[in-house]
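Two chains, two separate frames, one set of hints: put the complex together.
Chain by chain, the residues:
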Amino acid sequence: MIGPSFPALLSAAQGGDEQAFAMLWRDLQPALLRYLRVAIPTAADDLAAETWMSVIRGLAGFRGDERNFRAWVFTLARHRTFDWHRQAARRQTDVMPVELLGDRPPDDPAAAALEAQSTRAALALIAELPRDQAEVVTLRVIAGLDVADVARLLGKRPGTVRVLAHRGLRRLARRLESAGLARGVTR
Amino acid sequence: MNEEDAVPIDMRQLLAFLRPTPPVLDEDTADRLLTGRLDPADAPPGYAGVARLLAVAAAPAAPEELAGQAAAVACFAAEVESHPPTPMPRRARMPSKLFSVKVTAVVSVVVLSVSGAAAAATGLLPSPARWVADQVSPTSHASSTSRGQGDPVTGILDSPGLDKATSAALCQAWQAGQGASNGNRADSAAFRALAAAAGGADKVAAYCQAAADGGTNSSSQGQATATGPDAAGAAKAGLCRAWQAGQGGGNGRRDDSVAFRALAAAAGGVDKIPAFCETTSTSAHGQGQGPSSPPTTLSSPVTASPPASGPPSSTGRGGQGQGGPPTTG
Numbered sequence: 001m002i003g004p005s006f007p008a009l010l011s012a013a014q015g016g017d018e019q020a021f022a023m024l025w026r027d028l029q030p031a032l033l034r035y036l037r038v039a040i041p042t043a044a045d046d047l048a049a050e051t052w053m054s055v056i057r058g059l060a061g062f063r064g065d066e067r068n069f070r071a072w073v074f075t076l077a078r079h080r081t082f083d084w085h086r087q088a089a090r091r092q093t094d095v096m097p098v099e100l101l102g103d104r105p106p107d108d109p110a111a112a113a114l115e116a117q118s119t120r121a122a123l124a125l126i127a128e129l130p131r132d133q134a135e136v137v138t139l140r141v142i143a144g145l146d147v148a149d150v151a152r153l154l155g156k157r158p159g160t161v162r163v164l165a166h167r168g169l170r171r172l173a174r175r176l177e178s179a180g181l182a183r184g185v186t187r
Numbered sequence: 001m002n003e004e005d006a007v008p009i010d011m012r013q014l015l016a017f018l019r020p021t022p023p024v025l026d027e028d029t030a031d032r033l034l035t036g037r038l039d040p041a042d043a044p045p046g047y048a049g050v051a052r053l054l055a056v057a058a059a060p061a062a063p064e065e066l067a068g069q070a071a072a073v074a075c076f077a078a079e080v081e082s083h084p085p086t087p088m089p090r091r092a093r094m095p096s097k098l099f100s101v102k103v104t105a106v107v108s109v110v111v112l113s114v115s116g117a118a119a120a121a122t123g124l125l126p127s128p129a130r131w132v133a134d135q136v137s138p139t140s141h142a143s144s145t146s147r148g149q150g151d152p153v154t155g156i157l158d159s160p161g162l163d164k165a166t167s168a169a170l171c172q173a174w175q176a177g178q179g180a181s182n183g184n185r186a187d188s189a190a191f192r193a194l195a196a197a198a199g200g201a202d203k204v205a206a207y208c209q210a211a212a213d214g215g216t217n218s219s220s221q222g223q224a225t226a227t228g229p230d231a232a233g234a235a236k237a238g239l240c241r242a243w244q245a246g247q248g249g250g251n252g253r254r255d256d257s258v259a260f261r262a263l264a265a266a267a268g269g270v271d272k273i274p275a276f277c278e279t280t281s282t283s284a285h286g287q288g289q290g291p292s293s294p295p296t297t298l299s300s301p302v303t304a305s306p307p308a309s310g311p312p313s314s315t316g317r318g319g320q321g322q323g324g325p326p327t328t329g
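Taken in order, these protein sequences are the chains called A and B.
Under my numbering, the first sequence has 88 at position 88, and the numbering climbs by one with no breaks.
Under my numbering, the second sequence has 136 at position 136, and the numbering climbs by one with no breaks.
Hints listed in this document are in silico derivations from the structure and should not be mistaken for laboratory results.
What you are looking at is a predicted structure, and each value in this text was computed from that prediction instead of being measured.
Just so you know, even glycine gets a beta-carbon here, dropped at the ideal spot from N, CA and C.
One or more hints might be untrue.
[Stated by the list, open to error] Some but not every residue of chain B turned toward chain A, in silico, with C-beta under 8 Å:
id	residue
1	22
2	30
3	46
4	47
5	49
6	50
7	53
8	57
9	59
10	61
11	65
12	68
13	72
14	73
15	75
[As the list claims (entries may be wrong)] Under 8 Å between C-beta atoms, here's a sample of chain A residues computed to sit facing chain B:
id	residue
16	18
17	29
18	30
19	119
20	141
21	142
22	159
23	162
24	165
25	166
26	169
27	170
28	174
[To be verified] Restraint ranges, calculated between C-beta atoms of paired labels, are given here:
id	chain 1	residue 1	chain 2	residue 2	range
29	A	131	B	63	27 to 35 Å
30	A	11	B	61	21 to 29 Å
31	A	130	B	64	33 to 41 Å
Looking at chain B on its own, in the form it has when it is part of the complex (with noise of 0.2 Å):
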């Protein structure tokens, strides 16, 4: 203990008052401090406090801060199902202006030859670079090929917020759970996730139902060969992969969940599952269900550039191409 602790409590605050503010950190031990490379100890007067509390700010995760990797992964294994992944060709150091003109003739063309020209009066030029460039490259991988036809008109139909085949799969298990008063639901990460992309949990009945008009629309509007979105197939994959991926990982909630109950109940039980996620992972498969792309900047320049960010939703700071990653350099 040292003598301030003798001092009464208001004449501390009054010592406090008077003390200079805590010096002025030169660059070094700033960045010390910063990077967590401080010792408490060894802190300039005034800062020990701040380093212990970067240090507790930057702990080590705790156990609730990793609760949503089931619904993370089933997102991410739903995109993949939606939209198998193809390398894209590296196109770095391309002069973008070239890039771009190129890319736009002929994103034109293929538009015109795959799907008509009714599908290319939607506006085709944002589209996804990546699907622009399976089509384009020689080295494109041999499975854009096997990919549905109507994929890339599809893929026009992006909503912001979540993509089809994750909120077709969300909302499935969500209505799916309706009446069922399970707590859970409205608490696990993957329907918080459908909330947020809903605007608010109240409003995730209307958003469903929105999102399944929109699915029958864009169909019967002669999108040329697309299928539509196939929401059962989508959902029980989704559903499936994140059972999958939880299995063995000792997630105790898997069970619980509405979305896993509703995979039970149609898989006709929690026992049948395996088999019943063995015939989706092979029916469920190249349905061109409206996925969403990543569309790209095209006109960026690409080197260590990752693409912009999902949904055409934002339009505040930043702009369009936001997302546009801060560019090295």
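One chain only, chain A, in its complex shape (with noise of 0.2 Å):
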């Protein structure tokens, strides 16, 4: 998050000013590449540099706070994920296969995520989630939005979002425990 100063930056951006543009993308490029990295793991960059091409064209026309900036950017990142499927669907081509995904590496992301430390490994973990539940998940805590954020951009009722981010969180904490790997981070 910008705070104070996002007003005058979203200004200097929409005027032109390339430094501005250049601090918004450095705040929000790394949420939204793992908000997408959770999506759709293998075009997330690509997907990423799309949503930026939408926000570039739009951003002399956007009005809100930085609250509402976020939220606009991930709507345009959601959107990209729709195009991205419907294009997978109609390419054939390679959406990662069901069978892919629940054949585990013999590095569990879940030992990964809680080792290495590693960012790239929690983001495959929440992947795992079913996708309503890894998006609320995402959105809340990678995006930094809030309940009624989501729900807005997700079109649907807050106490849904709730609902779902409960599952997830439940069904991660199950997971974790799996990978046996409670011992390890309740101690």
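Dropping the structure here:
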């Protein structure tokens, strides 16, 4: 989050200031990339670049505060994922096969995530959740959006968003336990 | 170490199986967990690992996550170049119906007067509200008059994916790099964006060809006074901006990338880039080069309202007007 200087930064970027834009980009890009890595691991970088294209094109017309801005950027990102799914379905190409997801590599992401403190592995673990749970958890934890924002973004009721988050958290807890890590982390 | 360590492994799995699933969290705890305000040590039984996992997932940015900055800034610069920003007048709380009627009327008038009936036939109504606002508003910035007359007309010819100036720049850089065995090319964020727009790395050539053809077509169709995409100018400008943005940024890859080698080649040497870019910044300006405009949903209420997403390409969930922000309140 950028905070109090956000309005000035935004209006500078809207005026064409590259440095201001770069700061907005640096602030949001990591979260954007991580959100997309959970959503579509194989195309996250491309989709992040496409999302920024949309942001750049729409920036001049944007009105709102930092919260609105973040919600907007993630809305754009989410639509890029829909586009991607549509195109993938059309091309019948390599959407990651489900069998592959079930086939856990010897290095369990759960173990890797906690032991190596690896963000990538943590994201891979979150990506194992059912899609709607994963999305709610990512938007709350990584995008930093609140329940109301996430509800609007997903077109769901706030109560539904809360339930999805709870389910996601419980599932993660069980997943970590079943990976035999409970001992290590509850110590 | 606790006593569970002494339990044989399969026994431990059995215990895990028998143990009740992690408790349902109360709302406050869940919220603290999700916002990173719950110390793993204070987490309810079974959730300490989750707290740590989420902290790792939300860890500060790694350098590799910021690697695409130069490309992103270059795209931004290309957009600014092709579409000089003008402040949009506040339209908040104008009844949307009234607004869209007014805009429709004004658009028709402006279009007819600026570029003739032929252009109007291309269906301007969903045209960028930003441009409309420029033309309509009495508070509009002086620069709206300095923009090329053909600008609004070429603005209609948005291609989905990348905007014209950007894709022209990237295509040119990509073509310049063809044949040079540079591993970087396919990897850089800019070229991945190009590949994404093309629908795959293997389709870039066709995409660039089509983009070039499209550019010629549109200008040969007598698009009012539009001068057609000045690909060379736009590409040069975009690359120069990117190069300048990277100046002093300690970006080691800058000089190595195909795009910048193309720039260096055009300039006649790496050391001549500054002078070369100096001339570009003045000459490549105001060419009305088929910019993409942010199509704003005209009929939506405008309070704190970001515009719709750029490309009209997307159709599915959310329909048009997708990218429309979650409305507040």
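Next item on the list: Report holds or violated for the interface hint on residue 142/A, using the least CB-CB distance to chain B and a cut-off of 8 Å.
Entry: Holds. Min distance 5 Å.
Note to self: Does residue 65/B hold up as a contact with chain A if the rule is Cβ-Cβ below 8 Å?
What the structure shows: Residue 65/B check passes; min Cβ-Cβ to chain A is 4 Å, inside 8 Å.
Note to self: For the restraint on residue 22/B, tell me whether the closest CB of chain A is nearer than 8 Å.
What the structure shows: With a closest approach of 4 Å, the residue 22/B hint holds.
Notebook entry, point to check: How does the Cβ-Cβ distance of residue 130/A and residue 64/B compare with 33 to 41 Å: does it lie in that range?
Noted result: Hint violated: Cβ distance 28 Å, outside 33 to 41 Å.
Checklist line | Residue hint residue 174/A, partner chain B, criterion CB-CB below 8 Å | finding: Because about 6 Å separates residue 174/A from the closest Cβ in chain B, which is inside the 8 Å limit, the hint holds.
Notebook entry, point to check: Would the stated hint for residue 165/A survive a check requiring a Cβ distance to chain B of less than 8 Å?
Noted result: holds (6 Å)
Next item on the list: Using Cβ atoms only, decide whether residue 73/B comes closer than 8 Å to chain A, and label the hint accordingly.
Entry: holds (5 Å)
Notebook entry, point to check: Should the interface hint for residue 75/B be scored as holding, given a Cβ-Cβ cut-off of 8 Å against chain A?
Noted result: holds (6 Å)
Check: Do the numbers back the hint for residue 29/A, that is, is its least Cβ distance to chain B under 8 Å?
Finding: Holds: closest Cβ of chain B sits about 6 Å from residue 29/A, inside 8 Å.
Margin query: Hint residue 30/B vs chain A: min CB-CB distance below 8 Å?
Written below: holds (6 Å)
Notebook entry, point to check: Any CB of chain A closer than 8 Å to the CB of residue 72/B?
Noted result: holds (5 Å)
Checklist line | Status of the hint placing residue 30/A at chain B (closest C-beta pair under 8 Å) | finding: holds (4 Å)
Taken one by one, the earlier hints fail for this structure at numbers 22 and 31, listed in ascending order.
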